[in-house]
Amino acid sequence: MAKGDPGGTTRSRRATPRSRKGAAGDPALVQLLTPEGERIDSATGPDGTEYRVDFTDEEYRGLYRDLVLVRKLDAEATALQRQGELGLWASLLGQEAAQVGSGRALRTQDMAFPTYREHGVLYCRGIDPIMPLGLFRGVDQGGWDPNEFKFNMYTIVIGAQTLHATGYAMGITIDGKTGTDDGEAAIAYFGDGATSQGDVNEAFVWASVFNAPLVFFCQNNQYAISEPLERQTRVPLYQRAAGFGFPGVRVDGNDVLATYAVTRTALDNARLGQGPSLIEAYTYRMGAHTTSDDPTRYRIASEVEAWQAKDPIARVKVFLEKQKIADADFFAEIDEQARRESVHLRERVLAMPDPEPVTMFDHVYPNGSPLLDEQRAKFSRYMESFEGSAH
Amino acid sequence: MATETLTIGKALNTGLRRALENDPKVIIMGEDVGKLGGVFRITDGLQKDFGDQRVIDTPLAESGIIGTAVGLAIRGYRPVCEIQFDGFVYPAYDQIVSQVAKMHYRSGGRLSIPMVIRIPFGGGIGAVEHHSESPEAYFAHTAGLKVVTCSNPQDAYVMIQQAIASDDPIVFLEPKRRYWEKGQVDLDAPLSDAYPLHSARVVRPGTDATVLAYGPMVRTCLEAATAAAEDGRELEVIDLRSLSPLDLTAAYESVKRTGRAVVVHEAPSNIGLGAELAARITEECFYSLESPVLRVTGFDIPYPAARVEEEFLPDLDRVLDAVDRTFGW
Ligand SMILES: Cc1ncc(C[n+]2csc(CCOP(=O)(O)OP(=O)(O)O)c2C)c(N)n1
Chain A
1 MAKGDPGGTT
11 RSRRATPRSR
21 KGAAGDPALV
31 QLLTPEGERI
41 DSATGPDGTE
51 YRVDFTDEEY
61 RGLYRDLVLV
71 RKLDAEATAL
81 QRQGELGLWA
91 SLLGQEAAQV
101 GSGRALRTQD
111 MAFPTYREHG
121 VLYCRGIDPI
131 MPLGLFRGVD
141 QGGWDPNEFK
151 FNMYTIVIGA
161 QTLHATGYAM
171 GITIDGKTGT
181 DDGEAAIAYF
191 GDGATSQGDV
201 NEAFVWASVF
211 NAPLVFFCQN
221 NQYAISEPLE
231 RQTRVPLYQR
241 AAGFGFPGVR
251 VDGNDVLATY
261 AVTRTALDNA
271 RLGQGPSLIE
281 AYTYRMGAHT
291 TSDDPTRYRI
301 ASEVEAWQAK
311 DPIARVKVFL
321 EKQKIADADF
331 FAEIDEQARR
341 ESVHLRERVL
351 AMPDPEPVTM
361 FDHVYPNGSP
371 LLDEQRAKFS
381 RYMESFEGSA
391 H
Chain B
1 MATETLTIGK
11 ALNTGLRRAL
21 ENDPKVIIMG
31 EDVGKLGGVF
41 RITDGLQKDF
51 GDQRVIDTPL
61 AESGIIGTAV
71 GLAIRGYRPV
81 CEIQFDGFVY
91 PAYDQIVSQV
101 AKMHYRSGGR
111 LSIPMVIRIP
121 FGGGIGAVEH
131 HSESPEAYFA
141 HTAGLKVVTC
151 SNPQDAYVMI
161 QQAIASDDPI
171 VFLEPKRRYW
181 EKGQVDLDAP
191 LSDAYPLHSA
201 RVVRPGTDAT
211 VLAYGPMVRT
221 CLEAATAAAE
231 DGRELEVIDL
241 RSLSPLDLTA
251 AYESVKRTGR
261 AVVVHEAPSN
271 IGLGAELAAR
281 ITEECFYSLE
291 SPVLRVTGFD
301 IPYPAARVEE
311 EFLPDLDRVL
321 DAVDRTFGW
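Protein chains in written order, with full-length UniProt numbering: chain A, 1 to 391; chain B, 1 to 329.
Same shape as in the complex, but just chain B (with noise of 0.2 Å):
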């Protein structure tokens, strides 16, 4: 077993490599992919080893990305389109709900849009406006797009492929924050083995209260969770991977045994997935729970100004603190 170091960021970028080598149908496309690699250098290196009409330097147009790239898959490419930072997605968010999530319906089913849209997301990085956003709920609302994210190296290098290789248009959200965290990652394993993509996984057993995380948070959650055990209590750390469709089975499993859910993510909690996270748990374990499913979120604000942040952001004291008011009901 090829076992390597690699930071998430790193994982991402072999993962693109291994499959633009497995498949020549895969074409990457972006604003500075090519020679410089991509703002965060996920695509480091590639356009030098695959040539530019495999990773392609794009005008400065984010609907003109995602629309040329449903041509090019209506053509039998797989596009994996790079959005520079979440909060420029949204000049092409038209293209991405009317066009890329509808075209496999509108078509009776007989044209598939194999597509990545690749969008660093959230906060933590001290970032000017626009690029610290959690625009997930947007694409988990719509039909026809599935997303993801992964929360380490190993699902970055694992997931980034298995996205590719779907028929199914996917939104990949990358913890931006997290790029730069380490983990082992085998890089051998065949992808048919792989975990399935959609499926979310346990990545902390615990008996006293289940918590729901994904991406960014997953580590501030197993954070958490180690901290609690400090005070005596087992938290189950669940790693939703996948946002859209949601895989519930791990958690309402755990929810029965526990009686207790937090939920955290940054975006904020206004019609987010912690809504839709509490009225699905609430409806499949109301027997079960001791307490309502908790909420632990960014605010209802735009992102805000970096310096603060860390407020913004759900940390170790905040989940600690819900965890703690579902042990007071």
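Chain A extracted, bound-state conformation (with noise of 0.2 Å):
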């Protein structure tokens, strides 16, 4: 492992309650699993929480199972969006075990506010996974019901879910959710670029001062865009929590069952009143920003060679060999599995049809408006007038 790779720091199993720096100041990021399939038994944050997992061979099994569906979907909706069938995709590769580990630690009644990045989680919550490609392809604004499936809409402008994610952990406490064995919690998604926004920062601040159970959890995967993380802070993301009075975590986002310990302590802290906390995913987007974006042109390849190394699901793998929790068979059938789902999500959306133009006037308002119906009218007639028109 290379100096200053905070991948390859973590060996401790009763470490210290202190943050163990490595090279050049990289903080120890929390880890169970290493790029080489090892196991560590447990892992300390830098305010003396110690994480650790322990899972049956069936979960494990389950979350190698995720990882790998949650890919070739992704990889499916990049070819989709090649081939023209989407106007857009924004793909996960390489942030797979971040979305998994923490989206599996999420409780049924807990609410996820995500980015337009998040399809991982969005599976995890158990929505078709349909359901964004509708958004990219156009077709939709994105179908599903937040409400049942506790995933709020995908957003775009970027930071602006924090805080709506805020309101809502706020209006758990209000509820008296908190504090107990039904309690809920809320987590909100961000990029390392979102970091920057006024409204991540003042989601921290009310979060802290209201105190509301809410886990901010950061996906840095080093770029916006093309910009590094670099031209976003010159502090390590998690450390800022501190500022705003709550803690921060850095978790190896490459390590599904590091994402998940870490995420569901500060779930758990959150639902028994202890208040916000921030996580911070250390992963790598492995490739472009979205489907029109070109990372040759700001990226070198051995950078990427070198995160290529710490993949998220080829680390789970070999452990699961070593342990023999898994075998050929069960690899076999998973990818069988995954060729087969990503075959009928094809099928589907080439299946999916334009909405009528008129609904685009559908859903302005809850309670209508009457400027709206007439225009809505002139625009029903307008399109009768077409000879032979279906409209």
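In short, the hints are calculated from the structure, not lab data. Note that the Cβ used here is the ideal one computed from N, Cα and C, for glycine as well. Worth double-checking, as some hints may not be accurate.
Under 10 Å between C-beta atoms, here's a sample of chain A residues computed to sit facing chain B [to be verified]:
hint: 1; residue: 36
hint: 2; residue: 37
hint: 3; residue: 87
hint: 4; residue: 88
hint: 5; residue: 152
hint: 6; residue: 364
hint: 7; residue: 377
Heads up, simulated DSS-like pairs for lysine-lysine below, C-alpha to C-alpha not over 27 Å straight-line [unchecked claim]:
hint: 8; chain 1: B; residue 1: 48; chain 2: A; residue 2: 177
hint: 9; chain 1: B; residue 1: 256; chain 2: A; residue 2: 177
hint: 10; chain 1: B; residue 1: 48; chain 2: A; residue 2: 150
hint: 11; chain 1: B; residue 1: 102; chain 2: A; residue 2: 378
Calculated Cβ distances over 12 Å to all of chain B for the following chain A residues [said to hold, decoys possible]:
hint: 12; residue: 142
hint: 13; residue: 162
hint: 14; residue: 179
hint: 15; residue: 184
hint: 16; residue: 222
hint: 17; residue: 269
hint: 18; residue: 298
hint: 19; residue: 348
hint: 20; residue: 359
hint: 21; residue: 381
Hints given; two lone chains; assemble the complex.
Structure (structure tokens):
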């Protein structure tokens, strides 16, 4: 492991309750599964919190299945975009562990507020993976029910959702839903670039002073489109939390076990009324920002290769093999399942019809508007004026 | 009928109190709304009686006020946000136009954001810069928002309650220079019988020209109509009340009778409400018009220094002058 590489510095079992600094001031990552597939029993966060997981073999296999499926479905969406079936796609390639680890740590009653890249979290929430494709294909605005699945709509405006999550979490407190067995928490997803936004900083202030049951989950994938992390911050992002008055922790975002452990703990703390915390999932976006981006303009191949070696799925596979938790048949079965589901996804995307034009007037106001009704009626008459028009 | 004489400010306060009483999901939030009761005292006494989880003093962050209210609304609450002054709504502009306004649409109708954003607006109080602006066109231009304003205590009392009860997100503009004006308020009439929130109202019938106004300018126009009557001209004054959606039924009917229309607002004229009103009236009443629809507005400048605001704001003379011009065509 290279010097200064945060991925290689955590090896302790009973670590002292201190943040251990790696080379070049790099803080230790919370890590429970090394890139080489070695299990670490427990890891200690900067505030002394000890993180560990205790999964059954079945649960380990389930996490692996999630990771593979999410990657495959994402790849299918990328391919669909390349073939002109989607207008755009924001790939999560490389961030599967951060998303599956945190997504599986959520309880049914917890509410998530995503950006536009959280396809893995969406999958963990039980939402049909075709849903976000409607948004990127341009046939709808994302078709799931945020209340039913406890997963809010994708948010394109960077950072806006962190405030929504904060308000929602304040509502949890007012409802008296913290500190109890059926307690609730909220989680807000955002990127490293988003940490520069005013809204995110306002959300930190609010969550802190209202002690909101909220986890801020920053996926630091090192870039905001082309801009590297250094353009957003000179301080490790997890350390920001201290200035706002709540704990921050940096976790190996390519380690599904550690991400799970850290998120579960943070959510439980929130649920118990201990207020917000910030998780910085240290990861890397392996692909382009979106399908319209050219990452070769701003990053070098060796960097990508270095991160390739920390792949979030490969390390789980090695671990499962070494521990004899899964065999070749299992891996083949998962690959086959992923293949089937992606074919199925493709078929359904191709069958997604364009919306009726007049439906663009729907759902502007819960109570409607006479001016809009008038405009809709005019538009309908206009469409009907075309000979042979179906409308 | 329990009528009382109240100022617009007190009528709003009483309306907010009623809303808090009637619906435990109503939450008031903003800067200084708690102990202080707001810089204009519109929320006076409410935190004392409803507690600091219903009337929340917030951090000094406008985007935060609106953005967290969105989350509260998703959670099932009905937030009523106070923006301290018109000129300070801009830090929250993104949350209002991109989030509040579009949430219902983007969710395919699955989410509603039943939020009221109260903004004391307009000039005439001799304030320092950023305290006298008329931002209504920004919001009225945004699909998904509704924008209303009141001009008298009775409407203030009723409309604030109607806005809070509505599932639509509503920008509620309060004519700050009129906060201290008094009028009769019927406190007991049921909300269900009240005049509809999004309907304009003829506040003075007349036959010779139609004057359209809203918020603080309604009173100015009523005074102009009184003055015009002394000169033998009967002006019909319409209080628009709702700026989005606009209710022009009464205006069309009126202009078809009078043949003349003057629109009055404090906001600058360029791309403003007056332009929209003039265009619509022209389309609908073209064959009845004796002259073009005229506008009396603020100038196309930033709100000026207080010592010249009387010249900036439309007053009796400028309204009467425009009325004269419509007769000169
Ligand atoms: C307010 C705002 N500004 C600019 C953009 C355009 N934009 C979309 S994604 C992006 C970069 C975001 O980077 P980051 O927060 O690190 O998230 P990531 O995409 O890396 O997950 C930008 C600039 C936007 N969507 N919203």
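These are the hints, each one checked on the structure:
1. 36: violated (42 Å)
2. 37: Violated. Min distance 40 Å.
3. 87: Where the cut-off is 10 Å and the nearest Cβ of chain B is about 16 Å from residue 87 of chain A, the hint is violated.
4. 88: violated (16 Å)
5. 152: holds (7 Å)
6. 364: holds (6 Å)
7. 377: violated (14 Å)
8. B:48 to A:177: It holds: about 24 Å lies between the C-alpha atoms, which stays within 27 Å.
9. B:256 to A:177: Distance of about 59 Å is beyond 27 Å: violated.
10. B:48 to A:150: violated (34 Å)
11. B:102 to A:378: Satisfied, since the Cα-Cα distance of roughly 23 Å is no more than 27 Å.
12. 142: violated (7 Å)
13. 162: Given that some Cβ of chain B is not farther than 12 Å from that of residue 162 of chain A, nearest at about 8 Å, it is violated.
14. 179: holds (15 Å)
15. 184: Non-interface label on residue 184 of chain A violated, nearest chain B Cβ at 10 Å vs cutoff 12 Å.
16. 222: holds (26 Å)
17. 269: Correct as stated: the minimum Cβ-Cβ distance to chain B is 20 Å, above 12 Å.
18. 298: Residue 298 of chain A is indeed farther than 12 Å from all Cβ atoms of chain B, at 27 Å.
19. 348: Holds: least Cβ distance 18 Å, greater than 12 Å.
20. 359: The claim breaks: residue 359 of chain A does not keep its Cβ more than 12 Å from every Cβ of chain B (closest is about 10 Å).
21. 381: Given a closest Cβ separation of 16 Å, the condition holds.
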